[in-house]
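Novice: These are the residues of each chain, in order.
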Amino acid sequence: MKIHQAGIAGTLESSDITIHIEENEGKGIEIQLKSTVLNQFGNQIRHVIQETLQELGITDVLVRATDKGALDCTIRARLLTAVSRATHSSCFPWEVK
Amino acid sequence: MLYVPGNHPGMIRDAHIYGSDAIMFDLEDSVSIKEKDAARQLVYHSLKTIDYGCTEVVVRVNGLNTPYGGADFEAMVRAKPDAIRLPKTETPEDVKEADALISRIEEQIGMVQGTIKLMAAVESALGVINAYGIATASKRLIGIAIGAEDFVTDLKTSRSAEGIELLTARSQILFAARAAGIDALDTVFSDVNDEEGFAREVRLIKQMGFDGKSIVNPRQIEIVHKLFAPSEEEVRKSVRIIEAIGEAEEKGSGVISLDGRMIDKPIVERARRVLELNDAVKNSYILAR
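Top line first, the protein sequences correspond to chains A and B. In terms of our numbering, the first sequence opens at residue 1 and continues consecutively. In terms of our numbering, the second sequence opens at residue 98 and continues consecutively.
Next comes chain B alone, as it looks inside the complex (with noise of 0.2 angstroms):
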């Protein structure tokens, strides 16, 4: 997911050509306070203008509890990203709140009900320790987020280079996102020109199981995909697994076993993702070309 600054009318244009599963409108931390209106309005006529195609939209709205939320929600309803994402989520009724506020809007313009998906951020230890509470508090929320410049700040510490200090937290975030059936997405890197460390951080969140990264710079695109993409070889076992779990399925047969391994619910499930996740990257390849 790339993070765009809203009152940047060039990046908000050309957002979506570099090839990102989804793109995030920044109407918070990357918007000053004096220019909340005009980044409002940017990306509110921009969406309802430019064709973003395949490609995920997503608005980081500010808070309920700041000046600017409200507005923001006002108009990001009406402009029709696929989610809004809300930043420093931390107990349920956050969520709820918004989602009352979504659903009232929608009903006031003819929306469909649930039509506006939400993501929550979390972002200091109390979100931490409400996460699975927060996971589930709407049938809209899709995902759940780490954001960790304010989550390390929050904590009295900062980002190192192993991330030890947001080892906890993603854990955490992770368990509510796969019990609740929602997505799990870690936080940025901002240091675009240390691509090795990117590359570490990424190897990192992938093998803890997140479903993505949150990236600031088209640059970090290919790297993200070319770690989460799976092997040829991950890809060919996989097809193989799910051909044979079919051929099992017509003959009725419950347990079966390819070269010589039982093939089990878990391992379908996984060959599965796979499949997945290799039409996902091949999918960004050709819109990025």
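Isolated chain A, as found in the complex (with noise of 0.2 angstroms):
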């Protein structure tokens, strides 16, 4: 899947998240992060984005995110949204547990 155009979801309240993705063609997946609780749970939020992004299929894009101490549950929607507002999408094929 590819990033053309900028896509952005969640809140700035607490327990939330504000992701906005935008284009990075050739340039990778690249996570800017500023968090409340960075210190402790950075390399986890990260990973959550990541994780997230490769499964939807996406390689190239810039991930500017503010947390405010959300749920990785909260993370991943926040960012499934951010990506369907960005590609049009309507939504996503549900997982099926």
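Hint data in this document are derived by calculation from the structure and do not stem from the laboratory. As the structure is a computational prediction, the values presented were derived from the model and not from experiment. Keep in mind that a hint or two might mislead.
[To be verified] Computed footprint of chain B on chain A; a stretch qualifies when at least three of its residues, placed anywhere within it, have a C-beta under 8 angstroms from a C-beta of chain B:
1) 18-30
2) 67-78
[Stated by the list, open to error] Mimicking EDC-like on lysine to aspartate or glutamate, the simulated pairs with C-alpha atoms at most 20 angstroms apart in a straight line are:
3) B:Lys362 - B:Glu340
4) B:Lys334 - B:Asp361
5) B:Lys236 - B:Asp291
6) B:Lys145 - B:Glu187
7) B:Lys348 - B:Asp361
8) B:Lys145 - A:Glu23
9) B:Lys236 - B:Glu262
10) A:Lys68 - B:Glu132
11) B:Lys131 - A:Glu13
12) A:Lys68 - B:Asp111
13) A:Lys27 - A:Glu55
14) B:Lys133 - A:Glu13
15) B:Lys145 - A:Glu55
16) B:Lys236 - B:Asp288
17) B:Lys145 - A:Asp72
18) B:Lys303 - B:Glu330
19) B:Lys236 - B:Glu293
20) B:Lys236 - B:Glu330
21) B:Lys214 - B:Asp280
22) B:Lys362 - B:Glu331
23) B:Lys379 - B:Glu346
[Unchecked claim] FRET-style restraints, in silico, Cβ to Cβ:
24) B:Arg275 - A:Gln54: 51 to 61 angstroms
25) B:Ile261 - A:Met1: 21 to 31 angstroms
26) B:Glu204 - A:Met1: 21 to 31 angstroms
27) A:Gln5 - B:Arg370: 19 to 29 angstroms
28) A:Ile31 - B:Gln205: 34 to 44 angstroms
29) B:Thr188 - A:Glu30: 44 to 54 angstroms
30) A:Asn39 - B:Pro164: 41 to 51 angstroms
For glycine and all other residues, C-beta sits at the position ideal for the given N, C-alpha and C.
Could you fit the two chains together into a complex? Lean on the hints.
Specialist: So, in structure tokens, the structure goes:
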């Protein structure tokens, strides 16, 4: 999946994360992260973002994230929404477990 | 049943810790049009991740007559809450349409048919008139609820402290639920600072026969539990009735008396309900602590 337009999702409220994505053609996945819990969970937040992008087959994107203590499931949900908005896809194939 | 706006991660994370019997994540009226997609993703991934324990989990989706309802159903059946609440239900066909869609998704993903239950919210004069048809439209249906804010708007009136404008609708919905053998849930009381008014309304709907109350703030949970909880005297009396009927059944005796009063089937049924309510309230207190 290619990212050619910007997409944003989330809020700056406690327990949420704002994720802004934009085109980064040929430069791989670049994550600029600010977080209230950066020292404790910075690596984990980056890992969730990387993993979700890989699942979507996105290889080139600039991600700017401002985290306010979001759970992994919130990070994933906000990133998927941002990608969905950037690519104008109405929904993703819901995972079946 | 505690309402939780579907686009607030903090509220979704903490919703079950306050001890309500059920939580309802809302994708409908509490979510703005431009955030419908975000709320759907958030509730889906939260339900897939967070363990809500014994608290019953319900999701209020957008109606199937909106651009968002279909996608809500596709996501939420897969997220597997206990039930999906259908808003603004007006006809039995609304319920049947939702039932058919859930059945199709359950089959598609290999989920046991009937896993996802349905609740129907009635929020218009037409819905109230069709209440019994709605309540009996699907085997998935476990409850019917009144949504007062939209209903009073439809009636061209507003809500009063006495609730006279809701009397017929509440009665009709209650009759429909009882005739169909499902639960009846009352509407929300929005002014969280008016605890006296809230308590008055809870007393009213309990006396009418409702099974529970929808709430918008955790502060209202304790009031509902306190007012719905049977008194110690009621519990003691009910235990004696159940013990007495048990002994009578062992002896093969049909009719019994306790303290000089005949105990018949309706009295036994009420005693059982008192003990069930007592158990439910006790469990909620344990969960909240």
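Novice: Each hint needs a verdict: does it hold in this structure or not?
Specialist: Each hint tested on the structure:
Coverage of a stretch by a chain is defined here by at least three residues with a beta carbon nearer than 8 angstroms to that chain's beta carbons; for the segment 18-30 of chain A and chain B the count is 0, and the condition is violated. Remark: the segment 67-78 of chain A is confirmed as covered by chain B, as 8 of its residues place a Cβ nearer than 8 angstroms to a Cβ of that chain, reaching the required three. Restraint check for Lys362 (chain B) and Glu340 (chain B): the C-alpha separation of about 14 angstroms stays at or below 20 angstroms, so the hint holds. For a cut-off of 20 angstroms, the pair hint linking Lys334 (chain B) to Asp361 (chain B) stands: about 14 angstroms separates their Cα positions.
As the CA atoms of Lys236 (chain B) and Asp291 (chain B) are separated by approximately 38 angstroms, the hinted pair breaks the 20 angstroms bound. A distance of roughly 31 angstroms separates the Cα atoms of Lys145 (chain B) and Glu187 (chain B); the hinted pair therefore is violated under the 20 angstroms criterion. Annotation: proposed proximity of Lys348 (chain B) to Asp361 (chain B) holds, straight-line Cα distance about 16 angstroms (limit 20 angstroms). Simply put, Lys145 (chain B) and Glu23 (chain A) have alpha-carbon atoms about 30 angstroms apart, too far for the 20 angstroms limit, and the pair is violated.
Distance restraint check for Lys236 (chain B) and Glu262 (chain B): the Cα-Cα separation of roughly 31 angstroms exceeds the 20 angstroms cut-off, and the hinted pair is therefore not satisfied. Of the pairs offered as hints, the one joining Lys68 (chain A) and Glu132 (chain B) holds, with about 19 angstroms between alpha carbons and a cut-off of 20 angstroms not exceeded. Distance check on the hinted pair: Lys131 (chain B) and Glu13 (chain A) sit about 17 angstroms apart at the alpha-carbon level, within 20 angstroms; holds. Between Lys68 (chain A) and Asp111 (chain B), the direct Cα distance comes to roughly 16 angstroms. Compliance with the 20 angstroms bound is thereby established for this hinted pair.
With a C-alpha separation of about 18 angstroms, the suggested pairing of Lys27 (chain A) with Glu55 (chain A) holds against the 20 angstroms cut-off. Our distance criterion of 20 angstroms between C-alpha atoms is met by Lys133 (chain B) and Glu13 (chain A), whose separation comes to about 18 angstroms. In summary, the hint linking Lys145 (chain B) to Glu55 (chain A) is supported, as the alpha carbons are separated by about 17 angstroms, within the 20 angstroms threshold. Proximity of Lys236 (chain B) to Asp288 (chain B) is assessed by CA-CA distance (about 35 angstroms); at most 20 angstroms being required, the pair is judged violated.
A threshold of 20 angstroms between alpha carbons decides the hint, and for Lys145 (chain B) with Asp72 (chain A) the separation of about 11 angstroms falls inside it, so the pair holds. Between Lys303 (chain B) and Glu330 (chain B), the direct Cα distance comes to roughly 18 angstroms. Compliance with the 20 angstroms bound is thereby established for this hinted pair. Annotation: proposed proximity of Lys236 (chain B) to Glu293 (chain B) is violated, straight-line Cα distance about 38 angstroms (limit 20 angstroms). Distance check on the hinted pair: Lys236 (chain B) and Glu330 (chain B) sit about 37 angstroms apart at the alpha-carbon level, beyond 20 angstroms; violated.
For a cut-off of 20 angstroms, the pair hint linking Lys214 (chain B) to Asp280 (chain B) stands: about 12 angstroms separates their Cα positions. In summary, the hint linking Lys362 (chain B) to Glu331 (chain B) is supported, as the alpha carbons are separated by about 17 angstroms, within the 20 angstroms threshold. With a C-alpha separation of about 29 angstroms, the suggested pair Lys379 (chain B) and Glu346 (chain B) falls outside the 20 angstroms cut-off, and the hint is violated. Between Arg275 (chain B) and Gln54 (chain A) the C-beta distance comes to about 54 angstroms, which sits within the given range of 51 to 61 angstroms.
Between Ile261 (chain B) and Met1 (chain A) the beta carbons are some 57 angstroms apart, a value that contradicts the proposed interval 21 to 31 angstroms. Taken as a hint, the range 21 to 31 angstroms holds for the pair Glu204 (chain B) and Met1 (chain A), whose Cβ atoms sit roughly 29 angstroms apart. At about 58 angstroms, the CB distance of Gln5 (chain A) to Arg370 (chain B) disagrees with the hint of 19 to 29 angstroms. Between Ile31 (chain A) and Gln205 (chain B) the beta carbon distance is about 35 angstroms. The supplied range of 34 to 44 angstroms therefore holds.
Distance hint check for Thr188 (chain B) and Glu30 (chain A): the Cβ-Cβ separation is about 53 angstroms, which falls inside the suggested range of 44 to 54 angstroms. Checking the proposed 41 to 51 angstroms range against Asn39 (chain A) and Pro164 (chain B) shows it holds: the Cβ atoms sit about 43 angstroms from each other.
Checked against the numbered hints given earlier, the structure breaks hints 1, 5, 6, 8, 9, 16, 19, 20, 23, 25, 27 and satisfies all the rest.
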